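Knowing the structure of chain A, use the given hints to seat chain B on it.
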Amino acid sequence: MTSPIDLEGGGTAAVTDGGPGAEKKKSEDPGLVGRSPGQLMWLRFRRDRTGVIAACVVGFYFLIALLAPVIAKLYGKNPYTVYADERPELFDSAGVPVQPNGGISAEFWFGLEPGNGYDVFTKLLYGIRTSLMISVAVTITVVLTGILLGVTAGYLGGKADYWISRVIDFLLAFPAQLFFIASMPVVVALFVHPRDETPTYVRVLALIIVQWFLGWMSLARILRGTTLALREREFIEAAKVSGAPPWRIIRKEILPNVVTPLLVQSTYLLPNFVTAEAGLSFLGVGIVEPTPDWGQMFSKASTELVMQNDITYMFFPGVSMIIFIVAFNLLGDSVRDAFDPKTAR
Amino acid sequence: MLTGCSEGGSKAGNDKNDKEQQENAARQQSSIPFGDDKDSQGPAPEVPGAKSGGAISVLARDSYAHLDPGQIYVQDEMAVSQLIHRGLTGYKATSDDGRKHEVVGDLATDPGTTTDGGKTWKFTLKDGIKWEDGSPITSKDVRHSVERLFAPFINQGPPYLQQWLADTPGADYRKLLPDGPYKGKHLPDTLLETPDDKTVVFKFKTARPDLPYALAMAGYAIVSQKGDTKTKYDRDPVAAGPYKIQEFKSGKSMTLVRNENWDPKTDPLRHQYADRFDISFNHQYEQSTKALLADNGKDKTAVSFSNSVDAGNLSKVLNDPKLKNRTVTGYQPYVGQMNINLSHPELKDIKIRQAIAHALPVTPFVRAYGGTDAMEVAGGILSPTVSGYDPAFDPWGKKKKPAGDPAKAKKLLEEAGKVGMKLTFGYINTPEGQQYSTAMAAGLEKAGFDVQRQEIPAETFYDQVSQLDNNYDIFHTAWGADWPSASTVIPPLYDGRAIAEGAQNYSQVNDPKINSEIDRISKITDPAKAAAEWGKLNEYIVKDVVNVVPTGYYKQVQIAGSKIGGLVYDDVISGVDPRRLYVK
Chain A
1 MTSPIDLEGG GTAAVTDGGP GAEKKKSEDP GLVGRSPGQL MWLRFRRDRT GVIAACVVGF
61 YFLIALLAPV IAKLYGKNPY TVYADERPEL FDSAGVPVQP NGGISAEFWF GLEPGNGYDV
121 FTKLLYGIRT SLMISVAVTI TVVLTGILLG VTAGYLGGKA DYWISRVIDF LLAFPAQLFF
181 IASMPVVVAL FVHPRDETPT YVRVLALIIV QWFLGWMSLA RILRGTTLAL REREFIEAAK
241 VSGAPPWRII RKEILPNVVT PLLVQSTYLL PNFVTAEAGL SFLGVGIVEP TPDWGQMFSK
301 ASTELVMQND ITYMFFPGVS MIIFIVAFNL LGDSVRDAFD PKTAR
Chain B
1 MLTGCSEGGS KAGNDKNDKE QQENAARQQS SIPFGDDKDS QGPAPEVPGA KSGGAISVLA
61 RDSYAHLDPG QIYVQDEMAV SQLIHRGLTG YKATSDDGRK HEVVGDLATD PGTTTDGGKT
121 WKFTLKDGIK WEDGSPITSK DVRHSVERLF APFINQGPPY LQQWLADTPG ADYRKLLPDG
181 PYKGKHLPDT LLETPDDKTV VFKFKTARPD LPYALAMAGY AIVSQKGDTK TKYDRDPVAA
241 GPYKIQEFKS GKSMTLVRNE NWDPKTDPLR HQYADRFDIS FNHQYEQSTK ALLADNGKDK
301 TAVSFSNSVD AGNLSKVLND PKLKNRTVTG YQPYVGQMNI NLSHPELKDI KIRQAIAHAL
361 PVTPFVRAYG GTDAMEVAGG ILSPTVSGYD PAFDPWGKKK KPAGDPAKAK KLLEEAGKVG
421 MKLTFGYINT PEGQQYSTAM AAGLEKAGFD VQRQEIPAET FYDQVSQLDN NYDIFHTAWG
481 ADWPSASTVI PPLYDGRAIA EGAQNYSQVN DPKINSEIDR ISKITDPAKA AAEWGKLNEY
541 IVKDVVNVVP TGYYKQVQIA GSKIGGLVYD DVISGVDPRR LYVK
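Top to bottom, those sequences are chains A and B.
Residues in the first sequence are numbered consecutively from 1, following our numbering.
Residues in the second sequence are numbered consecutively from 1, following our numbering.
No lab work stands behind these hints, which were simulated from the structure alone.
Since the structure is predicted, the reported quantities are computational estimates derived from the model, not experimental observations.
All clues stand as given, with none of them false.
Each pair of labels, with its calculated beta carbon distance range:
id	chain 1	residue 1	chain 2	residue 2	range
1	A	Glu86	B	Ser95	38 to 46 Å
2	A	Pro246	B	Lys422	48 to 56 Å
3	A	Phe62	B	Lys252	51 to 59 Å
For each residue, glycine too, the CB sits at the ideal point set by N, CA and C.
So that you can see chain B by itself, here it is in the shape it has in the complex:
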């Protein structure tokens, strides 16, 4: 009666994974280079076979809460801002698969020049760059964009540039310019100098070799001084990119149309193939996947910038050869890690932490997110998209024995004399969290731990685990790099001096060697050398400090309608690249 009801799981072999590993190995240590002024010139190289015209439907899950560049720090908003906003610098894809990039000047003629190792950065604006109303973009706009980052209503975006200018960590930078530029005060020329309409000079007290990367973030795109409506800018920004907002109904839909004042000759990154983008919201992953799979009517020319294929449909999509040319896969910047709370006295014993690292099965985590197509077993805390990543690094044998090694763990636990010790495991109360936490607990119990699982509501999960005095011995978090450098991963997560209520040093590790290495490597101005050093520090943290156990590198699979051309997964955007899409 029941035969033939279901076919069973996919039989994807290991050969595919091996190949991927090798590809990753090729990318090892290759940091994203800086282009020169020639690379920064427009127009962007043509996408093969691209045609002009047509409308592209975009299925999005969440309505855009923020469109003001200063407030943008979320992937879906970052993706759409690629079409609307422009910054001083940007990532230019140098290969057609969206995997190789270089940093070039976007509004600036080059990715910035420095003569003193990163303390002073000079940018020159291009000719012919205009806002959507036709007025020119000048250095005044750049100054205004930077100064308004200090205004109290800008509180969601990245904090790097502000902290660098103020030369202080945390939120102290706000004291530098408490009201932003709105009450007549401005940043002094000793920090930000705009001698003429075309020149912008940043001056830092400490060398900041990563500035061109930071300025390429959507959060540092330029805001029009004339068109600045403060908090209202969040709904209706002035566009500088190839598309402008025709209509935005929050929670329902948004229409982007061509910006006639955008000049392709000034832009090395973007195209303007489609006439319009019709974005509609509230499409859950299952729903967008089903619509795009069905490929009917308007969905033929549909795509989703940020929705991935849901876990349930994953093997179906990947095993259908007909879907191959409208499927893209790639890494997300996030790395999953099991934090071991070092503020708890019992966990200060390294043997116990090693036992946890040996015993913890990572297979439950991979399974819960849909298998190896959605999650790759991690060796270290640097993701394959970050320079300094080493695919061979695997100190706890997770790649060979992803289900853990309870025997070794038990031995260590016996040596420490703590068999049967209580371990409180705080897990995020989502379907995935429930699934992997039960199986992880079963794995840890095999090694002799007494695991106490505790659910934490998803909405407040990060608030609760980032409290200094929390009850959880172990808990799982994920962190994504803001640009492909370990300097946006290791310092915020593992700097012992950054331990604070609500900060991201979740494991509360305070190791003198980590701290001194962070200071040393931050000063290295050669990106390749710095990447190698960060890689070494990553190995020290994972192998010798064991305050976290890496679990997985997040990946995703996305599909588009059959009439969408130019579909590429961009590693930097970590999703479909919206700039090169066209209608076939």
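So that you can see chain A by itself, here it is in the shape it has in the complex:
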């Protein structure tokens, strides 16, 4: 049970001392301290500098996403104001900001969006908010479904396992991206009254449903495998022999033991959902103007108008998303290392 981090500190001690070193190695600290797996994980994670920085970055994103309305209020603007009509002197007739770098100024910190002239700073904040909100919701629903179906299949085995696994196989065979594009308008149309505008929450809901529908299978499969292995372990058998009902066994014996793959997988899943959601909005089937969204900012940035006249605009959604995805993936790696130090990278 020695982590690579332990080796750095404890390795030398093992050489200098002889016999007692072996004792020391097991628990670093002079006195033997009992630690739960959770505490051990936390300890290892804290020592991983990359992981901590990544966690801080990710935390920062979630914080600004949560506080977006507050920040926008302090900043005094909102992402819905059409500045090209409110402040026409800042734009030419095609809606390109007259000042260099997309009109970055003390008033508009990140400049103005070519076209309708939305404020880029608040738009980015709200865009991050929308994207993260959707992705977190998708992750939660996917995790719940994954647990439900994965653990059921693994624990019950037999026919239930067979059918759940076939459904998983079937859904995995779907071309996900194509399915998203094709089904988004259909799902949206299910909800909307013909005289009203499609409310944003319907689009959000549709995005969540569509991504959830094809997102839960890999997690369910992993949980099924883990549960299958756990089922044959002695402590489960002991619980069975002592007459514990299946529900109790799943809750008290199995679930705590699948927390590790669950956490690791969901930290990998979330950034995937962020990019998938951005991709859909980029293609025009996700969140649409004027609701701010990360992916939609990309699609704006890729228009010829922005490419030819205001390349600066692309940096804001681009750089912020790269940082977020890289940080989240590094965080995922660190979480995995902390839980499962034996796996070599």
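Then chain B, alone, in the frame of chain A:
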């Protein structure tokens, strides 16, 4: 880190626009006159500095779906048909900038003569006019061309001539000759008379003073009776113009070569400078713009008849002085207008319609298409290319306050007691539509409307908004005149008796004064007088009926390779004039 990444927008001032406005003012009320038989004689006046020879590459976006004249009603097909087909009449440019025109005889010796105010029109064919196989073009071909317009497979072209002959609106004209000329039936001499090989006489029950304009449309060019292959003619027509089709690979390319049997002495409109035109398809606007800007190799002698400079590259092209002599700009015939659906009861209140007209910002529309170089703020529903246009007419102050006047609108809405009323805005789901509809909705909301935006797929947009029972309170459409007369704008769009499923009276307006004025003005035979009257009716519709709010006059900028000579934007073709191009 970010400094110097992008330079910011163009700083084109207002002085340019003012100058343009004045130019437009000069064109005000000047309708296109009819030339005489001398103007109709060939050859066409030489283009200064023109040379013979060389090949011109043409970058086109869409492959030509139709080459049969009877099926041609789309601008890109109309442009290429200028090189292949000939009609009884045509527009002759009388200035080198492609802005002034007169209607002359093309195959006919004059633009038509009438002695009874437009009920009977007589045309005499020229001598020496031939098809590409060398056989002469006779009045039999003209009769055949007219009669086949009634055949069921001809369903894409303009309907004017057929409706006039049958004297019925809509599609009822087909009953006149259900099978066309193919089953032995012909139009009687009381409608179309061809007494000899050279004479064609049209006889209408109602005066049709616009006939010479209508016959100049590519859709009424002449089809060879001998060479008519019915539906196959659409791919391989017989040429009468200066070029014939050597090869046409649909969706890929088309090669036009000189037609040796075309005699320049018979043609007052066309030239035959280049040896050939190599047309290739599937070039999107960005792509053709980039290729022509780069100006390498074959692209030096390249041009695009119909592609305009894409919105993103527009300010770059216009601000580069080196590109000036290979850039042309001009008006397209289209006028954008926001329709207010009068079939909805709440919108029957004129105060609400006035509030919409005051509140609606047109700047989003101008922006979405690339700025004032691509779209000019409109005052009325008649475009600057249509006679009767008045640049000073601006009842809703859109030229001074293009971003709308929400304060005035709010007052009107309060008077009507409808603050916060729901307004369903159906917008076309294109990048432009998404962009302008959001900003327009923001503008209307400032005035106190509760705007509900609804996307409509681009492919079915016009089908959906032309349904009588649609959910949209407001929606934006564009309409282009078929010839520079308001008679191809106001009657189809605003005649209350033409309200029908799928018809073009999108706002479903049925105003007795509009209807009676349409009938009255249609009978005026003097084009100049008619133009003035149409202009007045336009003012009545926009100012007093308020069933539409004019938004913009479409313009476009086109560029060509550096070795292309004779580059002119022709207002009538609404694009580069292909007839006068040569290789430098």
